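So the protein sequences, as listed, match chains A and B. If you read the first sequence in the working numbering, its first letter stands for residue 1487, the second for the next number, and so on. If you read the second sequence in the working numbering, its first letter stands for residue 200, the second for the next number, and so on.
Don't read these hints as lab results, they were simulated from the structure. Here the structure is a predicted model, which is why all the values come from computation and not from measurement. All residues carry an ideal CB built from backbone N, CA and C; glycine is no exception. Relax, there's no trap hidden among the hints.
Here are some of the chain A residues that sit facing chain B, going by a computed Cβ distance under 10 Å:
#, residue
1, 1641
2, 1643
3, 1646
4, 1707
5, 1715
6, 1729
7, 1732
8, 1733
9, 1737
Here are the in silico distance ranges between beta carbons for each label pair:
#, chain 1, residue 1, chain 2, residue 2, range
10, A, 1611, B, 209, 24 to 30 Å
11, A, 1739, B, 403, 38 to 44 Å
12, B, 362, A, 1723, 26 to 32 Å
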Amino acid sequence: MNSESSVEIRDVRYAYDDGTPVLRGASMDVADDAVHALMGANGAGKTTLLRLVAGLREPDAGTVRIAGDDPVGFAPENPRAGFFAETVAAEVAFFPKNRGLDVDRHVEEALAAMDVADLRDRAPLSLSGGEQRAVSLASVLAGDPAVVALDEPSSGLHAPAQRRLGELLCGLDRTVLCSTHDADFAYEFADAVSVLVDGEVVRTGDPADVLSDRDLLARAGIRTPGLVDLAAELSLARVPSSLDEAIEEVAER
Amino acid sequence: MTLVDVESLSVRTADGSRLLDEVSLSVAAGETLLLCGAPGAGKTLLAKAIEGVLRRRDDLTVDGDVRRVGDVALVFQHPEVQLVRQTVEHDAAFGLENRGVPVAEIRTRIDRYARLLGVEPLLDRDVHDLSRGETTLAALLGVLVTEPDVVVLDEPLTALDHRNAELVLDAIDRLRSHGTAVVVAEHDLRDLLSRADRVVVLDDGRVRETGDPRHLAATLRAVGAKLPVATELALERDVRGGDVPLTTDELRE
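Bound conformation, chain B alone (with noise of 0.2 Å):
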């Protein structure tokens, strides 16, 4: 079941600079999609625009359309801009509140998405004083309490440190294993490749090439990302297609 469908988007800006040129691609329910691409290839831009904020900005111009069946989420780029609350718990519950939804069963979503995601600890501290990826953590608990169908993260692993990484790599796990549909944009692929179904190669505001990891590994080299070593070596060895090892595992197998 296709979540959203995203068909000849063009985004200009005043002076007519094309950042998106006739971009369509689609997400699906329960897949894990990598938007890549080298910094200002458009990245975020289609980020915000599969989930919708980009129509709210008058200094764009916007054609193509995006359809949305399921509701979409965002976690920013630089997360913290989105928790507006003293405690990871009310800030939880900002948006809940704001919908209308019965106290009880803010409580009931918190824990439940709290639970998921392995961030129970955090509920009670204050957002100032989060490391940068309980930072990612608490805004995706902040959108993930309005059951999202998808979420879209927008490079959750720049400037973040191993234990970070490995905190929001964790969570995109557990959402995958949900069968929550996610969408990350990202430049370095080490971790995530052997992550991702499908993976849009984005270059210059055009989708360059969509595919799965494999068959599309050596695009993603050309476009800069930052590939597992394994798939690396591989690629140096003229290895192609469905044989590119994803992970060090692989390349020895």
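Just chain A, same shape as in the assembly (with noise of 0.2 Å):
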């Protein structure tokens, strides 16, 4: 296993019961402590791919490495899917609990992370969706994985949230593997970005690479970033990173 390599899938291969192929052959590294996305069609295998990381399934061929064999903490997409606990608090302290941590030290950290303390007593299927969102990633963080998984975790945040999401992935230095149709997300927040098409990696590289890369995005079902079709449109010199760089680059002409 590569030295740099938080995980390592090499031709994993996995069918649903009824036969249907999911994952067909898909390869890939993520890199120690990066944010990585993974994008794709919905039903490109995205979700299976995490689910295996994860170790929810296992593949039917190939493998599946994570450094250090540490438990990867994982969040669904939907977060209901995921609750079982009565409070939130019970909720979160049920990885920590699990992994024989400091459960209360966890617990706290967690909750003021994602900025829930105040919700510790309600119940997590009370919430509102964003809190709901919040309280999923805070049992995840709370059992201090190296490695976490998370489906989609951007689906359904407006702009101040998701941007407060890709602050704090960004600043986990953890491992985090994570699924999004969200171009513009990606490209801001990601230091790699993996494509899949029917259940295949055919792409992983820096998201400006990836997601300049019009052909491979139309095949993909993904959306192009808005700074990349900005860049095209009004033929600037190359794809700004940021919004701000984008307003520097348009006074600059």
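Could you use the hints to bring the two separately framed chains together as a complex?
In structure tokens, the structure reads:
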């Protein structure tokens, strides 16, 4: 295993119980402490790949290796699907308790990181969608996993919440593998992007390169990031990395 | 001509929390109206109030008035819940059969509106085998055959990949060309803002502002809506009012 990779996926195949193939030989590496976005159309195999990384499924063939064999934290696309406890505090305590960690400390830190400490006594299922998303992430972080696998964590969030999430993921100091449909989110916050098409990883690389490849994006059913469109439409010399940079580029013209 | 007139609508929960507070708005024939606001601002509730389904909720206290001149139909945020039959065609017939519409007329309407939406290839498909975008189209067909004057779509783009989002956006364009009034509750306006005639900005259950999309762009950003990158860039450069571009083409000009 590459010493700088936290996750190594090689030739992974997986089919549903009825025989329908989902992953058809997927291979990719996720670098240590990177925020790595997994992109592709609905049905391309993103969720299945995340579940394999999280150890919730076993591949039919191929290997998924996690450095150090640490447990992987997993947050499902629909947070409600993962909740089982009566209070937020009990929900968030589950993972650290299972790992034999200092439960109180890890729960407090995770609740504070996601800014949901005031919800500790609420029932998870009574929370709003955005609050449920935050609690779901807190319950993953509380277990202090070196690798977290997040299924569409930015889905349904409005712009400020999405920005907070992106900044949080970048500041986690852990390896983050997250699926997303939002190319703008991946472009701005990911260190690397992998593109899945029909169960195969067809490209892994720097977001600025991968998400500027219009043919690839069209084939994979991914929306072109707004900044990439902007650079093309205005014939900018290069794709700006942020809105601020775009303003500078436009002002220079 | 005004098709829906909402006047001083307030919605409270049993414990007295105000979910909507003195909301007034109207929907005119043929217009495309966006309901925007952060999660929890009241978009879904207002969409349901416009359609009328809210009156049937006995856990909520509803004050104020919603007058409808025409028929209003709603496509839910999770449209799979409104598909009740095996195939798309049989499902589309369900509402009409319940209203005692003659079989020949049902056939004619399904053909007409399947053609309008461009979903003829879906008619024989099992509703459980549809992609998310196709599910929204199937639900939309099911309400269109009843020939409503207003179609309300609740967060139709959430969780859709680019391909499926394009399907739904194309359907919205077809409805607009057909002259149907369309109300869309959504916070991701990257592909919707340029399609809107008017925007209602909701903030914490109240109408903060109503107006045309260019003049409300700054307000939309303030409540966390995702805007087209061209609009964001212009706002950052302090462009305001009628000069705010809604597309990159407009920015270039």
